[in-house]
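Undergrad: Each chain, written out:
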Amino acid sequence: MNTAATAMKVRGVSRTYRDRAHSVTALQGTDLDVPEGRFVSIVGPSACGKSTLLNLFCGLDKPDSGSIETPALGAGDLLGRVGYMPQQDLLMPWRTVTENASIGLECLGIDRGEARKRAGEHMVRFGLNGFERSYPGQLSGGMRQRVAMLRTFLCDRKINLLDEPFGKLDAMTRASMQTWLLDYWQENRCTIVFVTHDIDEALYLSDVVHLMSPRPGRIILSVQVDVPRPRKYSEVVTSPHFNELKSRLLATLGKES
Amino acid sequence: MKAGVWPPLLLGAGLIAVWEIYVRAAGIDPLLLPPPSAVARYIAQNAGLLATNGASTLAELLIGFACGVVIGLSLGILMQVWRWFHDAAYPWLVATQMVPIPAVAPILVLWFGFTIVPKAATVALMCFFPIAVNTLDGLSSVDSELIRLLRTFGAGPWQVMSLAAFPAALPSIFSGVRVAMALSVIGAVVGEWVGSTHGLGYLMLHFENRGETAGLFATVTVLTIMGIILFFLVGWVEAWVIPWRRHAKETP
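Taken in sequence, the protein lines are chains A and B.
When you read off a place in the first sequence, starting at 1, and then add 5, the result is the number in our numbering.
When you read off a place in the second sequence, starting at 1, and then add 151, the result is the number in our numbering.
Because the hints were derived from the structure by calculation, they are not lab data.
There's no promise every hint is true.
Taking lysine to any residue and the SDA-like style, the derived pairs with C-alpha atoms no more than 25 Å apart in a straight line are [unchecked claim]: (1) K67(A) <-> D24(A); (2) K122(A) <-> S292(B); (3) K67(A) <-> I393(B); (4) K163(A) <-> I393(B); (5) K173(A) <-> P308(B); (6) K251(A) <-> S292(B); (7) K163(A) <-> E240(A); (8) K122(A) <-> T266(B); (9) K163(A) <-> G135(A); (10) K14(A) <-> M97(A); (11) K173(A) <-> A52(A); (12) K173(A) <-> L297(B); (13) K173(A) <-> S292(B); (14) K163(A) <-> Q310(B); (15) K67(A) <-> P308(B); (16) K122(A) <-> W309(B).
Just need the whole structure built from these sequences, with the hints factored in.
TA: As structure tokens, then:
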């Protein structure tokens, strides 16, 4: 596991937001290594700077100090080169399922017809067949999330950032989406950085789980999840290893807050 | 829409019946208030006259309206794209709406003569403002998170505008267009009042001067029907351009 190349190397990253009256330090001295082709989760209390970190990773924001190197992508601006799936699905109500899924490709300058054709090829895998021409307003929460995920994965980026993608789903839908995501990732090994506040979810999905402190955020604990894949949810969450990791994470979190 | 057709028709028929009965029962002078039956007879007997003049008003209105839409949309988009243009131009656009149109119309006639131009210009002058304001509002209402997402896909400012901001603004733009359509009828009539030799506005003045009240009412009726049809045409175009609104209502 340690032999994997590094997709993203974060060193001493700090970010402070200032306006006239206040200054809020969202991140301070964050270090993080994301190995290539791995599933990495970042967990932490709300407002700990998880989303700030993802904004930096996808190039929407720049750190005040510190560095983010991406050996997997080479040098240059990250914006437009790292896959990003935000918390809200942000589907466009005026576009059908296929048209929403293909918007990323269209932004990359791929011909509209070709982009929609490529999106269409993934409808079955993403459980959206039969809904290609539906509008987002006609879909359930889980389906909307799958459209949003297809939109991100269709761009075929080496690194994909998922920001609490299942946060708003009910427990049943969430569980089936987690399993679905693992299956999909098993077939298409990209690097995933997954942000969540759900420790169970992070441990079930990830190779490595990083715990962030409350604001100002930084990584305070990293644990390896040595559970072989493919994983079964019922087996993972009842295993002693899982429970040991979970109590370590909770104990560290309790000390900090 | 289905259930919506009958109530207004029934209400209209009821009001017309009350009007007819009142005029007859009270023995009102038809020069002051002609009964609906007399107005209907006038329309039937002078259908040709009303149709030709209606056609020229319609032409002025549509040309002016089209110009108003183009100008309004362009101003709205430019104000959204260039902040400095917004700051510089916005107060002046408001100022154009403070100047009474009936005061401006004679100047337009002075400049362009008894042609179609001053009427169309009057219509455009009344139309562009609600469209410009609603376009601006609509464009700035687009979710900033969506813009950020598109930027992570590598979208530039033009793609953000065409893929996200403009479609998101369409419902708001159409609100402006509907208001503009209603105003354009007034604009065309005002344009004709200050200087014309034909058109429904011209006919109104003509009948008023000659004391032909039934003719005046007939002209107003034709104008009203024309305005209502145009207004609902805009709604029909809107439903066609914005199909997702209709579909969104299909599921609970």
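Undergrad: It remains to establish, for every hint, whether it holds in the given structure.
TA: Cross-check of the supplied hints:
1. Only pairs whose Cα atoms come within 25 Å are accepted, and K67(A) paired with D24(A) is accepted, the gap being roughly 17 Å.
2. Only pairs whose Cα atoms come within 25 Å are accepted, and K122(A) paired with S292(B) is rejected, the gap being roughly 31 Å.
3. For the hint pairing K67(A) with I393(B), the CA-to-CA distance comes to about 38 Å; that exceeds 25 Å, so the pair is violated.
4. Among the hinted pairs, K163(A) with I393(B) is inconsistent with the structure: their alpha-carbon atoms are about 36 Å apart, more than 25 Å.
5. Between K173(A) and P308(B), the direct Cα distance comes to roughly 30 Å. Violation of the 25 Å bound is thereby established for this hinted pair.
6. Restraint check for K251(A) and S292(B): not satisfied, since their Cα atoms lie roughly 43 Å apart, outside the 25 Å limit.
7. For the proposed pair K163(A) and E240(A), the alpha carbon gap of about 30 Å is over 25 Å, so the pair is violated.
8. Distance hint between K122(A) and T266(B) is unfulfilled; the C-alpha atoms sit about 53 Å from each other, more than 25 Å.
9. For the proposed pair K163(A) and G135(A), the alpha carbon gap of about 29 Å is over 25 Å, so the pair is violated.
10. The suggested pairing of K14(A) with M97(A) is violated, with an alpha-carbon distance near 34 Å, which exceeds 25 Å.
11. For the given pair, K173(A) sits about 17 Å from A52(A) by alpha-carbon distance, which is consistent with the 25 Å threshold.
12. Distance check on the hinted pair: K173(A) and L297(B) sit about 18 Å apart at the alpha-carbon level, within 25 Å; holds.
13. Among the hinted pairs, K173(A) with S292(B) is consistent with the structure: their alpha-carbon atoms are about 24 Å apart, no more than 25 Å.
14. Of the pairs offered as hints, the one joining K163(A) and Q310(B) holds, with about 24 Å between alpha carbons and a cut-off of 25 Å not exceeded.
15. As the CA atoms of K67(A) and P308(B) are separated by approximately 19 Å, the hinted pair is consistent with the 25 Å bound.
16. Distance hint between K122(A) and W309(B) is fulfilled; the C-alpha atoms sit about 24 Å from each other, no more than 25 Å.
Hint compliance for this structure: hints 2, 3, 4, 5, 6, 7, 8, 9, 10 are not met, and every other hint is.
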